[in-house]
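The listed protein sequences derive, respectively, from chains A and B. Going by this note's numbering, the first residue of the first sequence is number 593, and it counts up by one from there. Going by this note's numbering, the first residue of the second sequence is number 8, and it counts up by one from there.
Among these hints, one or two may not hold up.
[As the list claims (entries may be wrong)] In silico BS3-like pairs for lysine-lysine, Cα to Cα no more than 27 Å straight-line:
1) A:K601 x B:K114
2) B:K75 x B:K114
3) B:K114 x B:K59
4) B:K114 x B:K84
5) A:K649 x B:K114
6) B:K67 x B:K114
[Stated by the list, open to error] Here are some, though not all, of the chain A residues that point toward chain B, as calculated from beta-carbon distances under 7 Å:
7) F602
8) G634
9) L637
10) F695
11) G698
[Unchecked claim] Each pair of labels, with its calculated beta carbon distance range:
12) B:T117 x A:G655: 23 to 33 Å
13) B:P17 x A:T702: 20 to 30 Å
14) A:T702 x B:K59: 40 to 50 Å
15) B:T27 x A:N620: 14 to 24 Å
16) B:Q52 x A:L614: 18 to 28 Å
17) B:T27 x A:T599: 31 to 41 Å
18) A:G655 x B:E49: 18 to 28 Å
19) B:S86 x A:S610: 44 to 54 Å
None of these hints come from the bench; they were simulated from the model. None of these values were measured; they are calculated from a predicted model. Beta carbons: idealized from backbone N, C-alpha and C, even for Gly.
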Amino acid sequence: NAGVTQTPKFRVLKTGQSMTLLCAQDMNHEYMYWYRQDPGMGLRLIHYSVGEGTTAKGEVPDGYNVSRLKKQNFLLGLESAAPSQTSVYFCASSPHSPYEQYFGPGTRLTVT
Amino acid sequence: GDSVTQMEGPVTLSEEAFLTINCTYTATGYPSLFWYVQYPGEGLQLLLKATKADDKGSNKGFEATYRKETTSFHLEKGSVQVSDSAVYFCALVDLYTGANSKLTFGKGITLSVRP
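Excised from the complex, chain B in its bound form:
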């Protein structure tokens, strides 16, 4: 079945540091890939997405490129801010597995950014 593997956390960075959060996936079809973010005390919200190989999703300074050859979708940001402190989830949906295909989430990783 489909699965998403995220790097172990938590991650603590200083403000303005470079961020990389690794995500790899296993899927039987042709998945679309997502990063969701969960700020403290809130529900998840979509951060960015990519629907096919070599697509780059971007939002709020974050980027991730869909790499089919390495089955990866790593999240990057050049300069993190304290306000980026949150839990980040990588996810996929494989629409070719049927009408009832569902989002599959990774376990999430907590990012803390200190001033």
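In isolation and in its complexed conformation, chain A is listed as follows:
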């Protein structure tokens, strides 16, 4: 039982490049989330999903897209990376509500 895993752990991109971050959970959770963590800003919600095939915008969705084609996976895409997207990205999941969330270890992304 791995919980929530994220791939990759680290990535460096040049401005304008694209990439996809993968989040996987093996707990059969309905809800999944993508956050970014920046110094002094806490965690900010990018996008979330309340079930397979659904996605919704969070607090800071601009510049990101997501997909939830399978219940266990939640993908975060950056179509054209910008230096402002340099951050640590966390994925989380929860059973049937946002009540108790389980977090992955994070992905550190640097955009130069």
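We have chain A already, so just place chain B on it with the hints.
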């Protein structure tokens, strides 16, 4: 909208000192309150929670009481250890705001405990 305000940090304490981390909230409905902890290099994990007024959450020697009259959920520990060094986040979820209610986090505070 909902919001969580945490005291400014960082906080540095000596081992066995008493810890208080303040947290106040604003919510439109009847929120549930949480403390999450993030150890160095890891993701967040739930430390404790309280779902209604006057509830006390506790775990690993940490406690927090849901005070509706002061809209607060302060985190306390009687004797901190070096292993408690981490970032602590206060959070709320207001399930009465709709099916798509979400966790709202404070900015977090860094605790360093020296031997």
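Any hints this thing doesn't respect? Which numbers, in order?
-> 7, 15
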